[in-house]
Amino acid sequence: MKATAKTKALCALFAGVMLSATSVTYMQTVKAEEGLPSGISKVMVKPATDDGPLDEIFSGWHFRSKETKNLQKDDFENPGYLWVEQGEELWSAVDGAKDKSCKSCHDDPAKSMKGVGANMPKWDAKLKRPLTLEQRINTCRTKGMEAKEWKWESSQMLSMTAFIRNLSRGMPMNVQADGPMKPWVEKGKNIYYTRVGQLNMSCSNCHEDNYGKYIRADHLSQGQSNGFPTYRLKWQKLGSLHRRFKGCMKNIRSTPYKVGSDEFVALEIYLAQRGKGLQIETPAVRN
Amino acid sequence: MKKAIYTIAACALMGATAASNAISINAASANPVTPDKVKIVDGEIKSPLTNKPGNAADGRNWFANRKLGNCLACHANQDMSKKPFHGEIGPAVDAVATRYSPAQLRAILVNAKSVFGDQTIMPGFYTTDAGQRIAKKFKGKTILNGQQVEDIIAYLMTLKK
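Chains as they are written, first to last, in our numbering: chain A, 1 to 287; chain B, 1 to 161.
Wrong hints could be hidden among the right ones.
To be verified - SDA-like, lysine to any residue: derived pairs with alpha carbons at most 20 angstroms apart:
#1 B:136 x A:202
#2 A:213 x B:157
#3 B:113 x B:43
#4 B:141 x A:195
#5 B:113 x A:258
#6 A:258 x B:132
#7 A:126 x A:213
#8 A:187 x B:141
#9 B:82 x A:202
#10 A:213 x A:67
#11 B:113 x A:202
#12 A:250 x A:191
Said to hold, decoys possible - A few chain A residues facing chain B, derived, Cβ under 10 angstroms:
#13 49
#14 114
#15 197
#16 255
No lab work stands behind these hints, which were simulated from the structure alone.
Glycine residues also receive a C-beta, built at the ideal position from the N, C-alpha and C atoms.
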């Protein structure tokens, strides 16, 4: 066959065919489901509204190998629980000039913190900005305890965020997206669709247009945030969502934003909105 | 065993080293057209980017090399069936020589967006028309140099079946 000027049209057609082929693969994936993560009843949900870009919302769990899934099916096998347990200990550890712990103000975490991790990031009326769970914790530490901030990727911060998010395990992600949060959702969306780096790609190129396909050895997911902080086999430890953002941005040869930056906070809010309804899996296991 | 697989997975995407310059061409003999001077007309670039003919054996290496073309990340290729992990983002390149001329392949490689449209995920390998926030060490640089593009074209032209 000789290529003609119609190449372009043909390619467009071809891309269309490939897309529909993806959704078929998808339904098969769902049927061949290898059980469920511990504490989770659904790993695929329908979006609450029709105006989103996805017809079906999948947890990253779907795309992982059987071995990786097995680690998340059993809490005793899940290495992420080391951090959850550390977080539980830190809950009542006194720190700072006021001799207080989290417990001094919030008492029983099973009651006071249930659901909190599912609604993050959350608008803070006093600070007039949204706070991620990390930022909320540090606000409590500096204002409430007069203790030092924990660094974003420190073992204390990872432990506390893992512990608190784990108390919402199985609950649907439900970030506030209206009112004062609206401009943040928009800002995050903008970043999600902006092409960056020498490879000139956006988050959507991989996680919206091509999820379910292999990119070399990696099975692309929708890049959802419901499992974070996540135990990554590659990291050999737990890691934050913003660390993952940095990794994806570096892979496409761009300069990542900083952890805790307004850009990454906005991106986190937008992802939470995109994944609304997915159950919190923290600590998820990924490769 | 398990660990090895994950390690491979970890470097599946193009790593962050500036290897595209490690294998720099001999400017005197190859004399490449700079990216800003390359003209794409009707999905074709008729004249080669360098005056040294492409080397198919080298091109085969650049096609698989994760820090260079990394074409295999997105394109399955039966000629490399012994290598693991063929991607499925783009069409398989089997028999690609029967579908495109060298001039068309040159345009696709130099700037895929000029052929497939702005929506394509395929990077432009010899263009300065890239994304925002390019990492410092890649600023102003192309993913491949002109000779590597010619080498890959020579390789793709061997894929007749």
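- Task: Enumerate the violated hints, using their earlier numbering and listing them in ascending order.
- Result: 2, 5, 7, 8, 9, 13, 14
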